[in-house]
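Undergrad: Hey, can you work out the whole structure from these sequences and the hints?
Quick mapping for you: the protein sequence lines, in order, are chains A and B. Note that the numbering used here has the first sequence beginning at 1, numbered continuously upward. Note that the numbering used here has the second sequence beginning at 1, numbered continuously upward.
Please keep in mind that the hints were generated in silico from the structure rather than gathered at the bench. Accuracy of the hints is not assured; some may be wrong.
As the list claims (entries may be wrong) - Computed cross-link-like contacts, BS3-like style, restricted to lysine-lysine with a CA-CA straight-line distance of at most 30 Å:
# : chain 1 : residue 1 : chain 2 : residue 2
1 : A       : LYS215    : B       : LYS289
2 : A       : LYS216    : B       : LYS336
3 : B       : LYS379    : A       : LYS216
4 : B       : LYS449    : B       : LYS299
As the list claims (entries may be wrong) - Under 7 Å between C-beta atoms, here's a sample of chain B residues computed to sit facing chain A:
# : residue
5 : PRO342
6 : ILE346
7 : GLY361
8 : ILE363
Note that this is a predicted model, so its numbers are computed, not measured. Glycine is no exception: its CB is placed at the ideal position from the N, C-alpha and C atoms.
Residue-level listing of the chains:
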Amino acid sequence: MEVQIKTKNANLLNFMRKYGTVLGALVIFIIFSFATKNFFTVNNLLMLLRQMSMLTIISLGFTFVMGAGGFDMSIGNAAGLINIVFAITLINTNNFWIALLVSILCGLVIGLVNGTLVAYVGLPDFIATFAVGSIVYGIKMLITKGNPIFFPENIPAISLFIGQGYVGPIPFPVIIMFVCVIIAIFILNKTTLGRRVYAIGGNPVASLYAGINVKKYRLITFLISSFSVAIAAVVLTSRLGSAQPLAGEEFLLDAIAVVFLSTTMFGDGEPRGEGTFVGAFIISMLNNGLTMMNVAYYFQYITKGLVVILAVVISVVLGRKMNLKI
Amino acid sequence: MTTINSNVKTATPDLNLKSDVILEAKGICKEFNGVYVLKDIEFDLKPGEIHSLVGENGAGKSTFVKILSGVHKPSAGNIYLNGQPVSFDSVWQSEKAGIRTVHQEINLVPYFSVYKNIFIGAEKRKKFAGFNYTDDKKMREMAREVIKRLGIDFDVNTPAMLLNASMKRIVEISKVLVHNPNIVIFDEPTTSLGEEERKRLLKIIKSLKNSGLSIIYISHNLEEIMDISDRITVFRDGRKIDTMNVEEASIEKIVSMMLGHKTYNNYQRDCSYCYDDIYLEAESLYTDKLKNVSFKLRKGEILGIAGVVGAGKTEIAKAIFGLDPIHKGRIKVMGKDYEPSPQNAIDFGIALVPEERQAEGLIPNYCVSKNTTLTYLNKWCKGWVIDRKEEIKVTEEYIKKLSIKTTGPNQVIRFLSGGNQQKVILSRWLNGNFHIGIFDEPTKGIDIKAKEDIYMLLDSLAREGKSIIMLSSYLPELMSLCDRILVVNEGSIVGQFSPKEKDAEKKIMAAMLGGEYCGSSD
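TA: Here's what the structure looks like:
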């Protein structure tokens with residue numbers, strides 16, 4: 001059966017399967033540019049990039065988990081808890097770096113618990129990470145009693161710069177985002193870690209037979225996921241200048257949407273770093289553009305859901321067609 | 001056509017006899033993609049008899065019963081039920097005609113009780129207030145009755161997961177009997193049962209026969225076949241060799257028929273260059289499946305491990321590679337103690353080419369090169385970063401060396417043929433430097449040309465001084481390739497043979513089938 005995709009038709013199918021969602025994003029972009037007055041302006045586009053930065057960072061970590069065939073339901077609540085932890089540590093120590101370190105440690109602990117339960121204890125990842133997310137939510141509420149925590153006046157300047165500062169015209173979170181995107185793409189595409197993560201996602205049994213320490217690598221993906229949640233949560237706290245008890249929760253649904261969009265791009269059904277970036281751009285663009293068109297927020301949710309379904313369905317259907325054609 | 005009799009209370013099935021043959025198959029042929037797996041099969045089943053099918057793996061028994069049960073449609077030939085020609089488009093139609101199969105695998109919902117499992121997909125209903133409800137009372141009653149008919153007594157409310165292997169098998173049989181079939185096909189029902197349980201099950205099957213049921217019985221255990229059958233049909237290479245009454249049969253005769261005068265592969269290895277160094281030594285290994293397995297493997301040796309499917313060959317490989325936990329016993333590799341785990345195995349120079357290429361070998365969405373370098377990925381890296389150019393280069397080398405048919409290192413592996421996929425998996429290990437290679441059914445499902453390539457490769461590896469363990473249920477390839485052959489049955493090593501000794505093949509075959517070969521009887 002050593003048959004290649006021969007016909008032009010099949011080539012087109014393959015192109016659409018890999019880049020159809022990117023084209024779709026362009027189409028939406030163009031529609032928004034013409035439909036609203038302020039969408040296609042430098043200011044708005046920079047704002048859009050800033051809006052998407054936290055979602056992108058969280059989704060990049062989630063990409064590792066899903067690349068290895070796993071799932072992480074705890075990311076929203078984890079972001080919420082780290083939001084609180086960062087603010088409290090910062091207020092008590094008045095030292096940004098200690099607060100950052102504690103936040104990252106807090107993230108890694110959550111990832112360690114997730115990864116241990118899933119990879120070593122063998123719980124289904126949905127259940128384990130959902131339960132951990134629930135516990136994390138409870139701890140968050142226990143700490144704050146549902147009240148926001150505000151930064152005092154004399155907080156170190158860098159604590160606000162992370163989320164609110166600019167380098168030239170570029171918001172600083174955007175720079176953090178691009179650094180994360182580049183690192184994630186590099187790791188996923190060029191290193192042994194990325195190669196093994198996708199191998200496990202492709203066939204965990206064969207990976208085990210090939211000598212890959214599947215448990216270890218699955219644990220690592222959860223650590224990476226929680227690490228990136230911690231980074232995003234620090235940016236979020238700095239951006240808000242406060243800790244909000246309900247902050248971060250919307251990240252879960254959006255990140256799931258982003259990574260599912262990511263599976264429809266560039267690769268062969270696996271989420272890639274590039275795809276996750278474009279996916280986060282699509283979701284954030286919908287939020288931004290629809291708001292500008294004065295679409296009520298509940299319609300925004302409906303639209304986001306429909307876009308994800310459409311992209312995944314098209315990708316799956318085209319994938320099936322490809323397999324028949326070959 | 002008979003109709004299904006849903007009333008379980010009548011103990012004897014409604015046979016409605018017109019002739020002394022209940023089922024007849026005439027000239028059955030079956031081809032898959034132009035390859036004949038069955039050719040001109042003539043077969044008949046008398047009411048109230050046990051008719052056994054024997055043959056090597058791949059001889060065509062399973063395909064044949066799958067045609068009877070409506071899974072496959074024959075390419076040519078006819079099936080007659082009570083003298084009437086029938087044609088089954090689906091399993092459902094065959095079941096409606098009164099033919100049911102007790103499958104080799106246990107398929108029970110673990111947390112469903114026995115009676116729920118028995119009626120799964122065929123629940124009895126009652127109407128109440130215009131709606132249908134499951135009639136649990138009636139199902140419990142019927143289940144009790146069926147189990148009683150088997151001469152056994154246990155609570156039908158027990159969840160299936162609490163049952164032992166033989167009880168689970170009883171439930172599987174009840175699942176079939178509750179529909180009051182006329183013909184039941186038993187596909188290796190005694191696998192994974194202990195001696196006592198096996199005897200009890202055979203007794204039950206005999207009693208079913210005595211109650212008038214017609215039974216087609218498939219087993220790899222010849223003693224069992226001799227014990228239970230009225231008639232025996234031998235299959236070989238998709239053909240029926242003979243049907244005989246049990247009185248005329250003997251283990252020796254059946255083995256000879258199964259083997260035939262097979263033309264061997266042209267390939268015959270020269271086995272004269274084994275070294276004395278012991279590369280691997282297993283001392284009384286026990287795992288969930290293995291019992292007291294001990295053997296030694298010398299440098300430069302090809303050690304064959306023969307056994308029918310499910311005998312425990314794969315489990316030996318898994319134990320050595322650290323995929324199944326070892327309860328007792330130890331393994332030494334080149335004189336050093338070795339704690340089995342896949343990572344340790346690789347460090348100690350052990351390679352494993354698994355039997356299930358799709359499930360255990362391939363990363364289906366990875367290209368040829370990524371599949372090739374997966375195990376020894378660090379060799380093609382600078383630090384953590386993969387050197388893609390080197391990776392492509394080494395892949396191209398192996399594509400040439402093993403003549404792998406592919407468009408190039410970047411082709412996604414699932415689009416390759418089975419033999420070429422297997423060669424990629426082989427090159428995954430060859431690009432490292434292993435000392436002990438375990439090859440589990442390395443030629444399964446691949447074409448003749450690729451098979452011979454793999455034989456030649458194994459031979460040259462042994463000549464280089466590597467040790468090879470070759471697990472296979474296909475005797476001729478072991479005979480032509482191995483220095484020594486161990487036979488596994490039911491998780492134990494039951495014999496060791498040299499391919500050169502007299503009647504080696506027949507002795508090995510008999511040992512694989514749980515019998516002993518005592519010289520030809522005629």
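Undergrad: A separate judgement is required for each hint: does it hold in the structure or not?
TA: Each hint, compared with the structure:
1. LYS215/A <-> LYS289/B: Between LYS215/A and LYS289/B the Cα gap is close to 24 Å, so the pair holds against 30 Å.
2. LYS216/A <-> LYS336/B: holds (26 Å)
3. LYS379/B <-> LYS216/A: holds (20 Å)
4. LYS449/B <-> LYS299/B: Distance of about 28 Å is within 30 Å: holds.
5. PRO342: This hint holds: PRO342/B lies near chain A, its Cβ roughly 5 Å from the closest one there, short of 7 Å.
6. ILE346: holds (4 Å)
7. GLY361: holds (5 Å)
8. ILE363: Given a least distance of 4 Å, the restraint on ILE363/B holds.
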